[in-house]
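A.B. asks: Sequence:
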Amino acid sequence: MSRSFQSIISPVGYSSSTCGYCSPPGQRSSSKTSHSFGIWAHDLSAEHYQRLADAGWRRSGSYVYKPDLAATCCKQISIRLEGQKFKVGKSGRKTMRRFVEELRGAGEEGEAELVRQRDIWGKGKGKGKYTQPTSLQDFFAAIEENEDDGPMECRPSTSSDLSLLHQQRHDLFTQWRKDSPPCTSTPRPPPPTYPPRLPKLKHKLRTRLVPGSSSAQKYALFRRYQQGIHKESDEDISSRKGFERFLCESPVRRTFPDASEDPDPSAAHRLDGAVNPSGPSAIPFGLYHLEWRLDDELVAVSVLDLLPHCLSSVYFFYDPKHEKLQLGKISVLREVALLERIRAKPGMEEVKWYYLGFYIHNCQKMRYKGNYRPSQLLDAEDGQWVDLDEACPVLDTGKGYGFSKGKGTMGEASSMEASIAVKSPEPSSPSSSSSDQSSASDSSLLPSSRTPCPGILDPASLDPNKLAKQIYVLESSRQRDGIKPMILSRLEGRDQEKVKEAVAALGWEMARECVFFV
Numbered sequence: 001m002s003r004s005f006q007s008i009i010s011p012v013g014y015s016s017s018t019c020g021y022c023s024p025p026g027q028r029s030s031s032k033t034s035h036s037f038g039i040w041a042h043d044l045s046a047e048h049y050q051r052l053a054d055a056g057w058r059r060s061g062s063y064v065y066k067p068d069l070a071a072t073c074c075k076q077i078s079i080r081l082e083g084q085k086f087k088v089g090k091s092g093r094k095t096m097r098r099f100v101e102e103l104r105g106a107g108e109e110g111e112a113e114l115v116r117q118r119d120i121w122g123k124g125k126g127k128g129k130y131t132q133p134t135s136l137q138d139f140f141a142a143i144e145e146n147e148d149d150g151p152m153e154c155r156p157s158t159s160s161d162l163s164l165l166h167q168q169r170h171d172l173f174t175q176w177r178k179d180s181p182p183c184t185s186t187p188r189p190p191p192p193t194y195p196p197r198l199p200k201l202k203h204k205l206r207t208r209l210v211p212g213s214s215s216a217q218k219y220a221l222f223r224r225y226q227q228g229i230h231k232e233s234d235e236d237i238s239s240r241k242g243f244e245r246f247l248c249e250s251p252v253r254r255t256f257p258d259a260s261e262d263p264d265p266s267a268a269h270r271l272d273g274a275v276n277p278s279g280p281s282a283i284p285f286g287l288y289h290l291e292w293r294l295d296d297e298l299v300a301v302s303v304l305d306l307l308p309h310c311l312s313s314v315y316f317f318y319d320p321k322h323e324k325l326q327l328g329k330i331s332v333l334r335e336v337a338l339l340e341r342i343r344a345k346p347g348m349e350e351v352k353w354y355y356l357g358f359y360i361h362n363c364q365k366m367r368y369k370g371n372y373r374p375s376q377l378l379d380a381e382d383g384q385w386v387d388l389d390e391a392c393p394v395l396d397t398g399k400g401y402g403f404s405k406g407k408g409t410m411g412e413a414s415s416m417e418a419s420i421a422v423k424s425p426e427p428s429s430p431s432s433s434s435s436d437q438s439s440a441s442d443s444s445l446l447p448s449s450r451t452p453c454p455g456i457l458d459p460a461s462l463d464p465n466k467l468a469k470q471i472y473v474l475e476s477s478r479q480r481d482g483i484k485p486m487i488l489s490r491l492e493g494r495d496q497e498k499v500k501e502a503v504a505a506l507g508w509e510m511a512r513e514c515v516f517f518v
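Its first residue numbered 1, the sequence shown is counted upward by one per residue in the numbering used here.
Since the hints were made in silico from the structure, they are not lab data.
If you're wondering where the values come from, they're calculated on a predicted model, not measured in any experiment.
Glycine included, C-beta positions come from ideal geometry on N, C-alpha and C.
There's no promise every hint is true.
With a straight-line cut-off of 25 Å between C-alpha atoms, the simulated SDA-like cross-links for lysine to any residue are [to be verified]:
hint, residue 1, residue 2
1, K365, P257
2, K32, G242
3, K324, G105
4, K90, E390
5, K352, G242
Label-pair distances were calculated between CB atoms; the ranges are [said to hold, decoys possible]:
hint, residue 1, residue 2, range
6, G347, S233, 24 to 30 Å
7, E492, P374, 47 to 53 Å
8, D481, T255, 44 to 50 Å
9, E509, D389, 46 to 52 Å
10, E492, R224, 46 to 52 Å
11, G89, A344, 22 to 28 Å
12, R478, G89, 56 to 62 Å
13, S30, E323, 28 to 34 Å
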């Protein structure tokens, strides 16, 4: 019987490494206290990676791993938010105001002028000389240059503008009265939507969405970021090849979302090769770079994975000389705005979640992600997403998972687990020193009695007959023989155990749709 396979992977298994989260910038822990389970993805469908992301997995280049929250030192918990429900808090609005002030050049003109412009721009919706944008999309549309129509004009409201606003208010009120049931008292109709009016900007910001790719300009920017922000030495920074493997290449196959009609790939792109997020056509899933240019200078890059149900932030690097712009904070807001624009495309309505990567409750440089509300954390124990506010009281006690039930564990490794130090071909995470400092695989056997990490099946519970007949492999030493069920392969010993562990980690449904290259 013919089989249809979606992905090709190689099992890696459990591994340990030094931790870059519980160490000063530019340093790593001396002992291997970070534990995870991983696979190497040669070809991964967007649907498969979406399922893995929903189960707490994350990729670093082609290495896809799930933190072992029962053994690892810093509890790396997946965090996400729904773009449509995202609310910009007080600190976010303050960041947005400062961002506008820097682009306006207020800091170059003196502190007094800076304060006056802050008061003028941030005084509530529709008041003062400038009205406040009604959404993140409006905010960034008002700031960025429009490549089709030229820069957006920043002018005072005219009589025609006021007439338009009055007409909007009348139309909204009429529609509201039409849709509302009869009642004894008449509440106020919803307020009209005001177009954003921002101060005249001295510096022009422009972003461009492109498929992930490498360039000398991007690599030079990456090096400046690693040196200036993460305090890495020249020797520790990734080589150009490591940078490309880590941030410019992806095992996730580029595919268009399912639609009633086949999309026109050319309609989703501009003439310069950039993706058109504002156009009507769907865009393919896969790896993207959101390039940030200030006065035509590349100042930042957002590395993003677009998947069937989410936009996932992989990494963000920027030029340290523009630290006053607070690009790290602004990037989250810009990416949420991008998510909402993508979600408006036909066939992409399900792309509604923004994944921020991992949240680490006891690590200040990762805990900031909890400031973006309302957000959810993934309970690795049962795969349930829980509101951050509900999970934090349990996490405050030191429990790494189980917060969806109010039950957790301190996540301390046993003496046997702490002694495991099998190396994997893992490119470094964003907090590590170099993305090409990967280790060779260790062939030593792991203890069969090791407790699986939360969210992973016990390999001992798998049905041997089902495993032998329903799981297909491609043996690296016998590739001419083609893909075959395990029962017909010559795998033995550790190779068999690694496949078995990977099946337990992925689950039967996904494992049956994969080819295990061993």
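A.B. asks: Evaluate each hint against the coordinates.
C.D. replies: We went through each hint and held it up to the structure:
Taking the CA atoms of K365 and P257, the gap is about 35 Å. The hint is violated against a cut of 25 Å. For the proposed pair K32 and G242, the alpha carbon gap of about 22 Å is at most 25 Å, so the pair holds. Restraint check: the Cα-Cα separation between K324 and G105 comes to about 11 Å, which is no more than 25 Å; the hinted pair holds. Only pairs whose Cα atoms come within 25 Å are accepted, and K90 paired with E390 is accepted, the gap being roughly 21 Å.
A distance of roughly 32 Å separates the Cα atoms of K352 and G242; the hinted pair therefore is violated under the 25 Å criterion. Remark: the range hint 24 to 30 Å for G347 to S233 is contradicted by a beta-carbon distance near 47 Å. About 51 Å separates the C-beta atoms of E492 and P374, a value consistent with the hinted range of 47 to 53 Å. Taking 44 to 50 Å as the suggested C-beta distance range, the pair D481 and T255 does not conform, at roughly 29 Å.
A C-beta distance of roughly 32 Å is found between E509 and D389, which places it outside the suggested range of 46 to 52 Å. Judged by the Cβ atoms, the range 46 to 52 Å given for E492 and R224 holds: they are separated by roughly 50 Å. Taking 22 to 28 Å as the suggested C-beta distance range, the pair G89 and A344 conforms, at roughly 24 Å. In this structure the supplied range 56 to 62 Å holds for R478 paired with G89, their Cβ-Cβ distance being about 58 Å.
A C-beta distance of roughly 30 Å is found between S30 and E323, which places it inside the suggested range of 28 to 34 Å.
Hints 1, 5, 6, 8 and 9, counting from the list given before, are not met by this structure.
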